[in-house]
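Peer 1: Going line by line, the protein sequences match chains A and B. Here this note's numbering is used: the first residue of the first sequence is 292, the next is one more, and so on. Here this note's numbering is used: the first residue of the second sequence is 292, the next is one more, and so on.
Think of the hints as simulated: they come from the structure by calculation, not from any bench. Hints may contain errors.
Which copy is meant is left open, because identical chains are indistinguishable; a pair holds if it fits in one copy or across any two.
Okay, derived cross-link-like pairs now, DSS-like style, lysine-lysine, Cα gap no bigger than 27 Å in a straight line [to be verified]:
hint, residue 1, residue 2
1, Lys586, Lys607
2, Lys586, Lys338
3, Lys586, Lys553
4, Lys338, Lys607
5, Lys475, Lys607
6, Lys607, Lys493
7, Lys586, Lys475
8, Lys493, Lys368
9, Lys553, Lys338
10, Lys368, Lys607
11, Lys475, Lys553
Predicted model, so just to flag it, every value in this text is computed and none were measured.
Number of protein chains: 2
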Amino acid sequence: MASRTSDPAELFTSALSGDRGALARLLSLIERGGQDARTIGRLTYPKSGNGYTVGITGAPGAGKSTLTSATIGHLRKQQLQVAVLAIDPSSPFTGGAILGDRVRMQDHATDTGVFIRSMATRGHLGGLSLATSEAIRLLDAVGCPWILVETVGVGQVEVEIVGKADTTVVVVNPGWGDSVQANKAGLMEIADVFVINKADRKGAEETRRDLEQMLDLSDLSHDAWRPPIVQTSAVSAEGVPEFWDTVIQHREFIQANGILAKRRAFRLREELSEIVQRRLELRARDICTGDQWDKLQQQVLDHVIDPWAAADDMLKGIGA
Amino acid sequence: MASRTSDPAELFTSALSGDRGALARLLSLIERGGQDARTIGRLTYPKSGNGYTVGITGAPGAGKSTLTSATIGHLRKQQLQVAVLAIDPSSPFTGGAILGDRVRMQDHATDTGVFIRSMATRGHLGGLSLATSEAIRLLDAVGCPWILVETVGVGQVEVEIVGKADTTVVVVNPGWGDSVQANKAGLMEIADVFVINKADRKGAEETRRDLEQMLDLSDLSHDAWRPPIVQTSAVSAEGVPEFWDTVIQHREFIQANGILAKRRAFRLREELSEIVQRRLELRARDICTGDQWDKLQQQVLDHVIDPWAAADDMLKGIGA
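Chain A with its partners taken away, still in its complex shape (with noise of 0.2 Å):
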């Protein structure tokens, strides 16, 4: 059983023929980080560049799971595979496990086609960022075509992640305004498309108005896109059809005048300055501990040598 192995190579071989434990467990030692997510990371990074990501975030509640949900059936209706991450920057708890408030996501744990899977901070170094295009890569390069990620709120970290995806959908309430005062400038920056879920209840009119009037007024139409505004009601699917064929109208967009690529090459720069800065951290704290950094402090505190000195000397073999 190729799949019960902890080798890297070994499992993303099982992973590409189709097995999802070995998928499963790629991604826990993605979330470990270390030198596996670094073999990891090299391996998948030749293969991939073929999936599409579509980021979903919004304030709790907004009933993001039950649209990913629906959107998964959408999805399947065409025989299209698809991958969900769902991410909660705030959870210490993981393992791929589905989280209490996505027991929609449950309907698809039976079918083959469809691949669940929480994140959390565990102990990649690099942090939630840096496991999440890890992770993303590696679902790209098993084959996933299309990958959802999914945030539990609109902080900060959250919007970083969805930051990762290719298009970025912002889910909103009628009556949104007061549960995202904070973030709402911020949301209108990243949103490529908005959906009004739970459409069915009061002020769902007002509440397009309301976004109407701030894209009017916020001159954050993307690259000559605007953002259009979809209305769902996710419990019972409706609208999700037209909310799809958004994503796809936004998905051919980018691709045809090239924003995709200037995307993905950004997302890139950025992943690799980040990477390089916690290689960087990691061997600060390397440095700073061992017999000699002891001995050299105790240098120091006796006055022979003078704190500057010391940091040369500990810094002189890196050219730092």
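Guided by the hints, dock chain B onto chain A, whose structure is given.
Peer 2: Okay, now just chain B, sitting in the frame of chain A:
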């Protein structure tokens, strides 16, 4: 006129012989950071260790400047020289000027036994924290026996900066609870001496009981030293001699039992780690610009190499 030079070594020689202009210019160089700050650090380190630093912190309006000014007066009566560093982490304003709310210190502006200097964040790459350490060391090296470090508030940065002092004084007022609620525990932890300033106002006794109770409960008596509580009315200098006697008692206590040496060793280690960390950050900034980095980024974008290989390539010279 030796003091018109901008050479750190010449300026330091002048400052050692009592040239206040040279001293002011050295502090400006420290504030600016960079190579000159480093040179000054190396010059001052062997000559430092004899001065004693007293940190004075407390909520805005507590009367820190008035207490500082009254303390200067008390020390000058005994013909003692004193230097004051007024640190403002929030203000970009600087340049040796006396801050607006520190006008009372101008009483001492013409006294050559007093040196007063404001410092803010200018360009020092290690931030105000490293710059403060270096400024204290300079004042110490040119022979100031007493260095008072005053901060504008009680935020995290202020607490960190005041942590560079040998004795830390926390100034509160009658009814102090409201103004520093969020940081009460932090203040209890750093205080070596409590001053209830404006003690002529209503509520001074309640504040004393409040503090005593917190000291009883908190078990934060540092190294068997229970922070004494002194009452002052700094405007009229009432209680200031008693306050200063308490500082002297604390100094004698920590000198006699070796705590002072331990504290200074700890601070020096912290500073050393800070220097190493900053140096690596600078190195990372160097690395993430420039032609080689551009070329590697392009190779990653073209899928010629993966991001980890690119990071390896950039960092191979520094062993990270």
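Peer 1: Hint by hint, work out which the structure violates, then give me just those numbers in ascending order.
Peer 2: 5, 6, 7, 8, 10
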